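Engineer: Work out the full structure, taking the sequences as your base and the hints as a guide.
Protein chains in written order, with our numbering: chain A, 1 to 188; chain B, 1 to 188.
Hints in this document: simulated from the structure, not taken from any laboratory. On a predicted model such as this, the values are computed, not experimentally measured, just so you know. Mixed in with the good hints there might be a few duds.
Residues from chain B that face chain A, not an exhaustive set, calculated with beta carbons under 7 Å [as the list claims (entries may be wrong)]: (1) Asp13; (2) Ala91; (3) Trp93.
Each computed EDC-like pair below joins lysine to aspartate or glutamate, with the alpha-carbon atoms no more than 20 Å apart [unchecked claim]: (4) Lys150(A) x Glu113(B); (5) Lys150(A) x Glu19(B); (6) Lys173(B) x Glu54(A); (7) Lys112(A) x Asp92(A); (8) Lys78(A) x Glu54(A); (9) Lys112(A) x Asp137(A).
Beta carbons: idealized from backbone N, C-alpha and C, even for Gly.
Protein chains: 2
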Amino acid sequence: MRKLYLFTMVSLDGYFEGEGNDLNWHNVDQEFNNFALGQLSDTGLLIFGRRTYETMKDFWTSPTAFKKDRNTAMLMNKIKKIVFSKTLGRADWKNTTLLRFVSKEQIIKLKKEEGKDIAIFGSSDLSVSFVRLGLIDELRLMINPVLLGKGRSFLAGVKGNPELRLVERRVFKSGNVLLTYRFKVSRK
Amino acid sequence: MRKLYLFTMVSLDGYFEGEGNDLNWHNVDQEFNNFALGQLSDTGLLIFGRRTYETMKDFWTSPTAFKKDRNTAMLMNKIKKIVFSKTLGRADWKNTTLLRFVSKEQIIKLKKEEGKDIAIFGSSDLSVSFVRLGLIDELRLMINPVLLGKGRSFLAGVKGNPELRLVERRVFKSGNVLLTYRFKVSRK
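Structural biologist: In structure tokens:
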């Protein structure tokens, strides 16, 4: 069964977005870009909520993205994607499937398919549903050396005190720290 | 000049308290207790906000604390303490001075005195004032492998994007990760 991991950038105060959807605090450099490309290369399917999907689509189809990070941009466009949304008319980003609601059985079926890992990038609200359904195997938190003071807390509303085990950590020259946790048991 | 550091436990989602002032998620073991005792031994003065002061006083003067962790309990009672509160009638915990408001000059004077480091434990609201006044030299975050979903975000309302530099990290067997950041410049 392939792994489903959740990757997100967070501030020291636990926000994945600053006030007004601010993401300008993301602390990225060449080392980060290399990491992100490697992670993406080991991933066969990306899952997004609607808001993250639109942010990602706008960025990764822009000339800026191709100028800044051509390899990742090419891969982001090519990779299979799913967006969950009840309101989106259609998903017109390349290789994207639009789904209306999360079905545990459907995700388990996807995990049982041959292939590389499955990832959720950001998409905090969607991730809360996935955690509740016990669908996430791994949590990868990239902790930026930043205090925002205000914002949207990562995984707000998550319930049931999911048990986590720290399995890996990596310190970046930029001061980012990547902490990887495994969910201890498959939850119901 | 002696260092003023801020030490706090946080969850992965950036809360220092769960709903209803919940602190039961604190992931402590013998290794944590040894660390805490060592840290306290290098500290000459503790600064608290009113709420943390009362929690600490109630716990560290209780028979439970002496049973669980006698050395730390003895030190916590003996060490010099300051509590900031506009409402507290008097501070009756041993070696505690009650102050009504934060004066930058007074804290700088304390930092210039001979002695061991100065610490703020928890006390998130008070710490926001201290960060604003540029009084904190070091931030020590003990990240617990826990998702709370709800609670009070650490340093909520802090402003000005203080620049931080990661200077140390330590992984505990329990899955806690201690990240230490230095504030990059002394702020006005």
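Engineer: Decide, hint by hint, whether the structure agrees.
Structural biologist: Status of the hints after comparison with the structure:
no., hint, verdict
1, Asp13, "5 Å, holds"
2, Ala91, "29 Å, violated"
3, Trp93, "29 Å, violated"
4, Lys150(A) x Glu113(B), "35 Å, violated"
5, Lys150(A) x Glu19(B), "18 Å, holds"
6, Lys173(B) x Glu54(A), "40 Å, violated"
7, Lys112(A) x Asp92(A), "27 Å, violated"
8, Lys78(A) x Glu54(A), "16 Å, holds"
9, Lys112(A) x Asp137(A), "13 Å, holds"
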